[in-house]
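Enquirer: Read in order, the letters of the sequence shown correspond to residues 1 to 1273 in the working numbering.
You may find that some hints are simply not true.
[What the hints assert, rightly or not] Within a straight-line C-alpha distance of at most 30 Å, the following computed DSS-like cross-link-like pairs (lysine-lysine) qualify:
(1) 700 to 556
(2) 483 to 556
(3) 439 to 483
What the hints contain is simulated information worked out from the structure, not anything from laboratory work.
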Amino acid sequence: MAELRARRRARMRWLAVRGSLVAGALTLLLAAMVYWLLTTVGGRDALLKQIVARLPDGASLAWRSAEGPAAGPLTLRGVRFAYTPACPPDEADCTPGGPVVFTADTLMLDPAIRPLLGRRLRLDALRISGATLDLPKDDKPFELPRWPEVLPDIQPPLALQADDVRVDGLRVTRDGAPLVNINHLRGGVDAQPGTLHVQRLAVDSDRGRFTLHGDYVPRDGYRADLAATAVFPAPAGTTAPRLGLVARGDLARMDVAVAGRAPGAVRAMLTLRGRDHPRWQLRSTAEAFDPTLIVGGEAGVPLAWSLQADGVEGAADVHGRVTRDGQTLTVLPSKLHLNEQVLDVQPLALALLDGTVTLRGRADLRDPEHGTLRFAVNARHLQWGGQDGSPPILANGNFGLAGTPQAWAAIGTARLERDGQAADLRFDARGNTERATLKTLQARMPTGTLDARGDVAWAPTLRWTLSADLAGFDPGYFAPAWKGAVNGVLATQGHTRNDGGLEATLDVQRLGGRLRERALAGQGRLALHGAASGRGEDRYEGDVALSLGASRVQAKGTIGSTLDVDARFTPLHLADLLPGGEGTLQGQLRLRGPRNAPDVDIDLDGRGVSYGDYRADTLLARGRLPWRGRDGVLDVRATGLQAGLPFNTLDLTARGAVEALQLDAHAAGDIGTLQLTGNANRSGTLWQGTLATLAFDPAKGAQWRLQQAARFRWDGRNGTLSAACLASSGGGTLCASADWPRRGLDVEGNGLPLALLQPYLPERSDRRPWLLRGDVAIDAQVRPVGNSWRGTATLTSASGGLKFSERARREPVRYGNLSLRTTFDPQRLTAELDATFNDDGRVEARVATGWDGYAPLVGEIAVDTDELTWMELFSPDIVEPTGRLAGRIRLSGTRAQPLLGGNAQLTNFATELPALAIQLRDGDVRLDAQPDGSARISGRVRSGEGTLTLDGTLGWQGDDTPLVLNVRGDNVLVSDTRDLRAVASPDVVVRYAAGQPLQVTGTVTVPSARMDLERLDEGVSASDDVVVLDPANPEDTGTLPLDLDLILALGDDVQLKGFGLDGTLGGRLRVRARPGREMTASGQLDVDGRYTAYGQKLTITRGQLVWSGGPVGNPILNIRAEREVGQVTAGVDIRGRASAPEATVWSNPASSQSEALAYLALGRPLSSASRDESRQLNAASAALTAGGSLLASQLGARIGLDDAGLMESRALGGSVFGVGKYLSPKLYVSYGVSILGTGQVLTLKYLLRKGFDIEIESSTVENRASVNWRKEK
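Could you put the whole structure together from the sequences, leaning on the hints where they help?
Expert: Take a look at the structure:
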């Protein structure tokens, strides 16, 4: 037994050793196999075959050549991968779709091998170039969206992880039709069944630039955490649309937000709560959304909207509005419901065209083969037209659609009313998923009928046949400007060819009747031969003869790759064919030859031609200009031209041929005149020529002349321009040269004086010219960049300034080291400005924006200066302002709606106001930008013992720039002259908006003032040795209208002195002024004190000036002034309007007016008056009749007298009321009657030389003669 056990142990040891050796050998063999697979060409090929073998059903992979080991990096060339998804096992009637085909010129990958065993491809790096991806046509039957199945699923044929993906050139198509061309793609991706992770994916393509980052996991409740951006291409000068998307959450709680500009602000927010019965909310607004920019088209008319939708599962409540080009469509509160392929609309109500359109119905598509449709549309009170004086159209209609997709019927009726008459419409169409038959389309109206019928098919190809009989049809019910009664037969048919081209014809026969109150006749045939898909050009054929009113038009020809067109106008009255058109065209036009090189033969004469914004008083185009040859002459003459050009007169002569052209042109307009001559010649694709002369004489400013002829060349891609220099008569030159695309375009300006700008500056109030000093230099380049361009421009100036006159000693505005640098391309514009300002100040600015109003605006403006003399430009009243202005303003928003940030502050401000003899000091004003785009203004300034404070806002949103300022103060000195010293306490609100009157409201309290009435009345004139360098324009009354509602409150210390008055003034007065109306007032002012009159001091016992809403210059007077003489009190009462006051002299005890006047003037009875005292009484009487003298003088001026009113007569010894007139320049005659009734006087005055004159007076008292000499100083 022991021996047996020993043998067994020996055998086990041998088996263990042998097993170890076998295992070692197998391990070595496996390692060798792996090494062979990963590092040798044979192993690589074997491994690739295994990859192909492990692909799912329907997938294939092939390549032309392979480089590198399987361990990587591995490069495959000529790669082709195809995958046709198989039908799910549970769908027996499934039809497999088309294949997904991917090809690449080069595919480089650096794989990890072990994950392949688990059907997972992991790549540390992936490089693709020259690739295509063709997606199959989606033949899946249409179905309404389902939740959450509408969300995309992730089911790649092979799990793929690529940490570094780089694609250069990938063209994506669908069934051969192009979708997108990807120029560059960078990022990482990890795609597995039911999950996707994207790592900073960036795509640059012909559709725009896109980024995506985040996770999307459909197998985990559609959990998402994604962020995406898109920048779409845009035409030159248009702001590129930019949109961003953020999606976070899962089916139980999800938020999706979209925001950006396209080109205006666009926002949308979707919130979803609840997995089984989701409750959702959508809010979307757009200031301007242009869908044509999203798809890469030219800029169109943008949409604006505000939409809201709330719902639970498939039920939705919707309302909002959509606006386009001034037309608004309002979505009234509406209800929609979608559940399991059943759509209920109950209802969808729209308000448009001053009426409503309501849609109700149900679509049941649960069985795509036997779905049902039933919808009704009701239109009520729709209205259009009527803007041009034609009667508006009122429409009501009912339309219905019922049946199944395989057999449906659409019927409807409508009634259009116009000017008391009506047209009835009826249509009946039947169809299926491939075609429709128009059984009836009928319109009946008082003037006749329209009957149409036909067939339209859209599957398998487009094909139609339609015809219409017109018998008195009035198109004015649909287009109000085209009222009439038209007869004729219309027929059209067409189809698409096998090559994708479209064939279509339109026949118009026996056209007659009336249109736009004009006789109509004509016939025609038009045909379209569309080019095959993706190649060639469309070709049009036509033969039209039309007579409308007095117009006759005939046109016949072919337009395609060649032209053969003959059009005759005998004549054409634009008012016949175009509503709003005017004028007449007569003549003919012939075009022959290749489409891009036709011969032109024209003989057109136009008179008073206008349409829309275009106009020509006269238009003559006559001559023949072949494309090739040398015997052509074409003259074009136009006057009164309005065609979007700055010229209204054009005179152009072209000689030779288009390819050997001699051109002589002259244009004139409000901007000035332009003359040029030159030639152009073509040889093959090369155009070359010479600009011989060019002269521009602007209406304002210096003249410009081309110094020498400039030559140019252009072959479609490359071009040159020799140095073309314009010299200004004011000095300086401006030169341009080009060599495209080698060095691009260069523009250089040297020694250009700033004085060239003088005619274009705003006109000064005194109508004197601005005086500018300095010159500038310009250096600009435009360089090609790929298929686009980029430009730079620099403007520099060593120094410059501005002053008011040659004799002025200083310049209020001056600068140094000015540098303006700009860069620009078709989408963007940036500018930088640096300069010293008024010696030690500095101005810096940085701005970046685009070309249109939607372009984002980013910038900063910085100002720092302690030289404020430039403020004198804005106000002629301030002198020698001092202080410091420092500010840094940030710009944001868009060009159309800029926003301000930052602040600016004026500190230690002081200035003198000589006209008021006051000095402002300790001024501090600050402007702070607010987040809403407005600016806050606050400040203070001292005058006298008081302080004036300011606070308010300045808005920059919109074009009106509203300004609101609150002005308050306490004991502010507002005037300190010899004639007026006043202290005021204002509490006033000032409002200003562009295009609106300046509004001033509030109260101004005057606690103290001193007024010298005589000095106020006289004013101060300049002496002979004073020379005014910048006089004010007396005709300038200002152009800013005023809306004033101000209360003037006078305190107890307002003193008046002058013209015999020594007193005080008090009370409250409300002054109201509106633009275009007379200033009015309400309130009362009280006068108190003493008044010297008739040589005596009178006491004012009652002084009232009352306004009751009448003119401010015409108050009601109620004034009494009196004196006491012993037992007698004498006085004068003044009552009535200021324009016609009544003065009464009285005494107590009562006496005659002459006696009362004697007591008032002399202090004793009339009988005791001496001769000199009688003269005083005479003067007093004259004062009483002063108002009559004013009235008489105004009346005398109206009837042609030189003098009328109170005069002095030495013969009568006092005042007379008289009239006078110059019978000749030297002979003057007057006649007067004594005011006191002492006689009449006739005066003759004859002017001699050197200041001498002879005067003769003949009166009932005495006769006098005198020789007078007068010298004026």
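Enquirer: Check the structure against each numbered hint from earlier and tell me which ones fail, lowest number first.
Expert: 1
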